[in-house]
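There are 2 protein chains.
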Amino acid sequence: MKEIAVIGIGITKFGELWEKSLRDIAVESAMNCLEDAGTDRIDSINIGCMSSGLFIGQEHLASLIADYLGRLDIPSCRVESACASGGLAVRNACMEIATGVSDYALAIGVEKMTDVGMGKATYALASAADQDYEAFHGITFPGLYAMLARAHMERYGTTREQLAQVSVKNHYNGSMNPNAQFPFKITQDTVLNSTMIADPLRLMDCSPVTDGAAAVLLTTVEEAKKLKKHPLVVISGFGSAADAIALSHRKELTELQAVKTSAAKALKMAGRTIDDIDFAEVHDCFTISEILVLESMGIIGPGKGGPATVDGYTALDGKFPVNPSGGLKSKGHPVGATGVAQIFEVVNQLRGNSEKRQIPGVKTGLTQNMGGSGGSSVCHILEAK
Amino acid sequence: MKEIAVIGIGITKFGELWEKSLRDIAVESAMNCLEDAGTDRIDSINIGCMSSGLFIGQEHLASLIADYLGRLDIPSCRVESACASGGLAVRNACMEIATGVSDYALAIGVEKMTDVGMGKATYALASAADQDYEAFHGITFPGLYAMLARAHMERYGTTREQLAQVSVKNHYNGSMNPNAQFPFKITQDTVLNSTMIADPLRLMDCSPVTDGAAAVLLTTVEEAKKLKKHPLVVISGFGSAADAIALSHRKELTELQAVKTSAAKALKMAGRTIDDIDFAEVHDCFTISEILVLESMGIIGPGKGGPATVDGYTALDGKFPVNPSGGLKSKGHPVGATGVAQIFEVVNQLRGNSEKRQIPGVKTGLTQNMGGSGGSSVCHILEAK
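As they're listed, the protein sequences go chains A and B.
Quick note on numbering: the working numbering labels position 180 of the first sequence as 164, and the sequence is numbered without any gaps.
Quick note on numbering: the working numbering labels position 187 of the second sequence as 171, and the sequence is numbered without any gaps.
Warning: the hint list may mix true and false statements.
In silico SDA-like links for lysine to any residue, alpha-carbon gap of 25 Å or less [to be verified]:
#, chain 1, residue 1, chain 2, residue 2
1, A, LYS104, B, ASP116
2, B, LYS104, A, ASP99
3, A, LYS252, B, ARG134
4, B, LYS252, A, LYS209
5, A, LYS104, B, ARG55
6, B, LYS(-3), B, GLY122
7, B, LYS(-14), A, MET15
8, B, LYS(-14), B, LYS235
9, B, LYS104, A, GLY101
10, B, LYS288, B, THR106
11, B, LYS210, B, ASP87
12, B, LYS(-3), B, GLY84
13, B, LYS104, A, GLY103
14, B, LYS209, A, ALA248
15, B, LYS347, B, ALA368
16, B, LYS104, A, LYS252
17, A, LYS(-14), B, ASP262
18, A, LYS(-14), B, ALA105
19, B, LYS235, A, THR106
20, B, LYS104, A, THR106
21, A, LYS213, A, GLY103
22, B, LYS(-14), B, GLY101
23, A, LYS209, B, LYS(-3)
24, A, LYS104, B, HIS121
25, A, LYS104, A, LYS213
26, A, LYS104, B, VAL205
27, A, LYS340, A, PHE304
28, A, LYS4, B, ARG55
29, B, LYS(-14), A, LYS104
30, A, LYS(-14), B, GLY101
31, B, LYS(-14), A, VAL205
32, B, LYS235, A, GLY101
Simulated from the structure, these hints should not be mistaken for laboratory data.
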């Protein structure tokens, strides 16, 4: 397999982008990415998008985006694994480079979620759960994660305040991210006094409904060295895994098996252990998710995620910073774009370009992107060389 | 890149399978495939499905299918390129094998289309066209292909009777396919007297709305030789390309550029020319599509597709048999499954197992799977070794 480098990154503002369509933001992120890369060569396109069918009545993004990028005649593919679609698009782009089928592989993540009423957005998102055994019976994503939170609280004594601290930390980080949907600081009281959504989760425990897109351009390390536009950042490992889609099919609720396996695979491919990683962008679609993910990957011991968050272990200046971008909570969560936006943040940090939210001296970063309530997960290991 | 072999194929009955769900038929095709392969090893799953979101309110098939196949912990991915989703799933499975990331890669194509009313199926299918510039204004797929048919008739003098003959031929072939949705013979009169759908296309020019699934298991040639269960069939080339999604963006209406490019790429990878190919399964979603595809790939000269069909060139006993399975018209067209079902037919023919519809002595076959009105296309070259 050929070694893979990231030579371009691009992103749009995240938020309610009512004046822009899906094709507009997908192309905007890609053009920003090509500008950053200093090349306009693309040999293939992989697009991560969860549900453009249900959100805007448009499938066949492979053709649509190739068309509006003016890049016909090349292989183009849309991949979907619910909210892990973006991570999967990057994994597929890695496969294009690794085989040598493409020398320049573009991955785009995109979702346009605000063109429908709230009820329809909730219906679309629930299609990531088991339609027959979960969604049909009325459960929504806040409800599924509320059950995971309850299980964690029961087993480990995780508190409401600890959950709130995940949101407080991520909003602090996001307050320094100009592309974030909600770039402002909040306090524990903001979270604890916000509207109850699905007990114990309140509004400020939940990531928002967002429009946005992000793009990365991959090539071989050999090609990247020729361009020399940026410090060399490589993708040294990727891992992907599935788990049961319905919570009732899982062996365990206080650990996410797909997260554990996908991270272990990515680390193995990179020849690294979790102790070699300096920081991570992880899938905090709800506050409990970040805690579950950190414990499942072995960054923090079982049941220690809540206390570690309160102690500042995962803060921007902590021992293992998590979600310097602001995470899904503050930055926003355009579901199909999230996995690519995580790569954007990690590459920017590894280049030392993250301005006020820069973590000093980081050399290795990890991304973890989750589908549904943990039914799938995709991880990448990135390293500055 | 490692060489790729097909060691297992599986399919379900195509038709209105009201008593079975999407997960049932996906798993049924996969189990048939593993039975055929004589192994139950799967290292990764790629699922082609166009619009389970709009058809049954279910995304996240990567998790759902891995779950119901009892294969958690492995990479699982759904890919979508409208009606070319199945072909793209096979291409992605090829990439898994070629990189060495997987030694056994399963590709499944599936669509459950009959659980919604007809109006909703037409809406879902129209999401493969440009939503903003085509579908929103009321055009449906029969309408788009009717315009392509009109352009071809105007330019080359293609006749209504020639179009009808595509359907007559494919129904003749399909009458010998026990899995076909409509396994019966028809005459030119059946087509010419059927209900007008979108002038000049009548009901019997159109492929039906279908439930169905198909699966193929790929491995390396080295592994396949060890198993020795079937004659060795290899995938020697694959090619994929995009074109403008909307007809109004195309330079040309009487040739499908994505088809031309994808076939040329697949042939180049295989080190073959079109003259080396013995037969093909192609995307006859409408009668005009088969003619356009054959001309675009250079199997028949421009404008000669209609007369060649009437002359029997593409018949089962003709010089270049096309759609021995019965094609989308007679076999049925569960959109996401079609590309994988094409591989099923070609492998079965190359193994000499196609019974009454067996083409004698075939050694090389081609599949061509199309998205939308030609906005994407995926081709594979298969060879008996």
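*Pairwise hint evaluation, B/ARG55 against A/LYS4, where the allowed Cα distance is 25 Å at most*: Measuring from Cα to Cα gives roughly 40 Å; hence the hint is violated.
*Please work out if B/LYS209 and A/ALA248 have their alpha carbons no farther apart than 25 Å.*
violated, 32 Å
*asked:* Would the hint linking B/LYS235 and A/GLY101 be met if the CA-CA limit is 25 Å?
replied: violated, 38 Å
*Pair hint A/LYS104 and B/HIS121, alpha-carbon separation not exceeding 25 Å*: holds, 22 Å
*Are the Cα positions of B/LYS104 and A/ASP99 separated by 25 Å at most?*
holds, 20 Å
_Distance restraint between B/LYS(-14) and B/GLY101, which requires alpha-carbon spacing of 25 Å or less_ = violated, 45 Å
*25 Å Cα cutoff - pair B/LYS(-3), B/GLY84*: violated, 33 Å
_Hint check: B/LYS210 vs B/ASP87, CA-CA at most 25 Å. Holds or violated?_
holds, 13 Å
_Distance restraint between B/LYS(-14) and A/VAL205, which requires alpha-carbon spacing of 25 Å or less_ = Given that 25 Å is the threshold and the Cα spacing comes to 21 Å, the pair holds.
_Hint consistency between B/LYS(-3) and B/GLY122 [alpha-carbon to alpha-carbon, up to 25 Å]_ = Violated, at about 33 Å.
_Check the hint pairing A/LYS(-14) with B/ALA105 against an upper bound of 25 Å on the C-alpha distance._
violated, 43 Å
*Is the straight-line distance between the alpha-carbon of A/LYS104 and that of B/ASP116 25 Å or less?*
holds, 19 Å
In summary, the structure is inconsistent with hints 3, 4, 5, 6, 7, 8, 10, 12, 14, 16, 17, 18, 19, 21, 22, 23, 25, 26, 28, 29, 30 and 32 from the numbered list given earlier, while agreeing with the others.
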